[in-house]
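Chains as they are written, first to last, in this note's numbering: chain V, 399 to 802; chain W, 127 to 275.
Simulated from the structure, these hints should not be mistaken for lab results.
Predicted model, so just to flag it, every value in this text is computed and none were measured.
By construction, the Cβ of each residue, glycine as well, lies at the ideal position given by its N, Cα and C atoms.
Incorrect hints may have been included.
What the hints assert, rightly or not - Heads up, simulated DSBU-like pairs for lysine-lysine below, C-alpha to C-alpha not over 30 Å straight-line:
| hint | chain 1 | residue 1 | chain 2 | residue 2 |
| --- | --- | --- | --- | --- |
| 1 | V | K764 | W | K211 |
| 2 | V | K407 | V | K657 |
| 3 | V | K764 | W | K250 |
| 4 | V | K407 | V | K529 |
| 5 | V | K657 | V | K529 |
| 6 | V | K529 | V | K764 |
Unchecked claim - Away from chain W, derived, C-beta distances all over 10 Å, residues of chain V:
| hint | residue |
| --- | --- |
| 7 | G505 |
| 8 | D547 |
| 9 | L581 |
| 10 | A743 |
Read off the chains here:
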Amino acid sequence: MTDFELIRKEFPLIDKGDFAYLDTSATAQKPYAVLEAVRRYYEEENANPLRGLYDLSVKATEVYEGAREKTARFIGGETEEIIFTRNASESLNLVAYTYGEKVLSEGDEIIIAISEHHSNMLPWRYIAGKKGAAVKYLECDENGVYSPDSLRALLTERTRIVAMAQVSNILGRVNDIPALAALAHSAGAVFVCDGAQSVPHMKVDVKELGVDFLAFSGHKMGAPMGIGVLWGRKELLEEMPPFMYGGEMIEYVTADRVKYAEIPHKFEAGTVNAGGAAGLAAAIDFNEGIGFENIHKRETELCALAMEGIRSIPHVHIIGSEDPEEHCGIITFYVDGVHPHDISAVLADDGVYIRAGHHCAQPFHKFMGVMSTARASIGIYNSEKDIERFINSLSQLRRRMGLE
Amino acid sequence: MNGTFYNEVLTEHNVRPYHKHHLEGANFSLEGVNPSCGDDIILSLVIEDGMVKDGAFEGDGCAISQASADIMLDLIIGQTVEEAKRLADIFFRMIKGEATDEEIEELDEGSALRDVSHMPARVKCAVLGWHTFETIVMGKKRDDTIETK
Chain V
399 MTDFELIRKE FPLIDKGDFA YLDTSATAQK PYAVLEAVRR YYEEENANPL
449 RGLYDLSVKA TEVYEGAREK TARFIGGETE EIIFTRNASE SLNLVAYTYG
499 EKVLSEGDEI IIAISEHHSN MLPWRYIAGK KGAAVKYLEC DENGVYSPDS
549 LRALLTERTR IVAMAQVSNI LGRVNDIPAL AALAHSAGAV FVCDGAQSVP
599 HMKVDVKELG VDFLAFSGHK MGAPMGIGVL WGRKELLEEM PPFMYGGEMI
649 EYVTADRVKY AEIPHKFEAG TVNAGGAAGL AAAIDFNEGI GFENIHKRET
699 ELCALAMEGI RSIPHVHIIG SEDPEEHCGI ITFYVDGVHP HDISAVLADD
749 GVYIRAGHHC AQPFHKFMGV MSTARASIGI YNSEKDIERF INSLSQLRRR
799 MGLE
Chain W
127 MNGTFYNEVL TEHNVRPYHK HHLEGANFSL EGVNPSCGDD IILSLVIEDG
177 MVKDGAFEGD GCAISQASAD IMLDLIIGQT VEEAKRLADI FFRMIKGEAT
227 DEEIEELDEG SALRDVSHMP ARVKCAVLGW HTFETIVMGK KRDDTIETK
């Protein structure tokens, strides 16, 4: 039996703040364990990793490379397959700029799910435009389901890349990545998976997913902002050109020659975010300490409570499945007659913090036929009281906007 | 932000706008877009002899953008273009927190939006109607969109 009151107390902003924070999909709050790990790094372990030959630099290197080993084990990859970036956006840009640059030529095709975050859409559109490749959008049904058949219908011998999130930041539904990735492979394409919304909330194993690249952000799982991860299959990473050029990404440089470092350092130019990596390692420990089964169970329980409350309020409509099991703690909704930014502003008056807008997925909103939506998203530190506060505020919304 | 921001003036102008309709015979018409909220209005005006003789708007958006456009039309219809521009200037300065109380009083129901000066995310909503008006009468052009290809 997990004591969720105790877990809540591990998050200073949540424990001390008088508000219901329901915007975890945008960024998660940080537990003491992470804050302490970052502080410890800078108080006791800081030097420029990978560089100095003195004890402190060796220690800093151990912290940084230790975080890499932990991250690799966390998602079931090899240590040298883990590249630290700033966030999932940078990870996806890295793949587009390097892998995309290398394999794409005129007439090739990239398939992107229509519900993708702009981070897993615009890098592909950029590189497609540069290389004369075409972007095709994979559409979901009204429940947000991407069927293997719909992907099969789009795949051609020119498909080089399929890009898709494991969990959409709007729908919260878990896509059947193993089946879709296998299909992409059968057509000779690689599968790039955005794990920004899945990795923080469920056990993810890259081998079980069967993907070629997985990107995620540390800050959505309690780590500091500014540390993200790209995992890629070793044989692909080795063949890719560097992403950025500069310090720490070379074996040697002469006036007219350069030999780049082996992976992963080839992709990590400049001084790295070792403090962030220390925080990420602590966040992984923290989440695994609770256990992803417990995290999923708790978040689904609160999600069910919120969805039940929403259904009792007229004029409020949830996007996607009716089953809380298929939401990953993400509830995107709209209210008849009230613009989402007004929803968010009125709820903020009551200390309920939710996101409103297009959630960096404008083409998907267009596809769904709505301009924008509101989104409440749940984290492990939320409580029944937070949900109650949210539902209370939401139930008064239309009246307060002069509609009832 | 306090709990009274969505006051009755604002919700009334949003739910029952007086000037939200198509305007026959308009000699100026311009679309104004605020990409952050997805607010999208078309402002139509009848301007003759230096006077704003009539005006209306159509479109969709958040309560702040819609109410602000409706309140603006209340204020500028029947005024000279010069006077309307002066009011626009006061409105912009109010939103920046730079207008005096006496000036804000001149904006009548427009003063219901003064707290937007503490809400940076909503400034674009509040000024959308006024910006569109200014673009019509001053010929200024704003372009926020970039094509990706």
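Of the numbered hints stated earlier in the document, which are not met by this structure? 1, 2, 4 and 10
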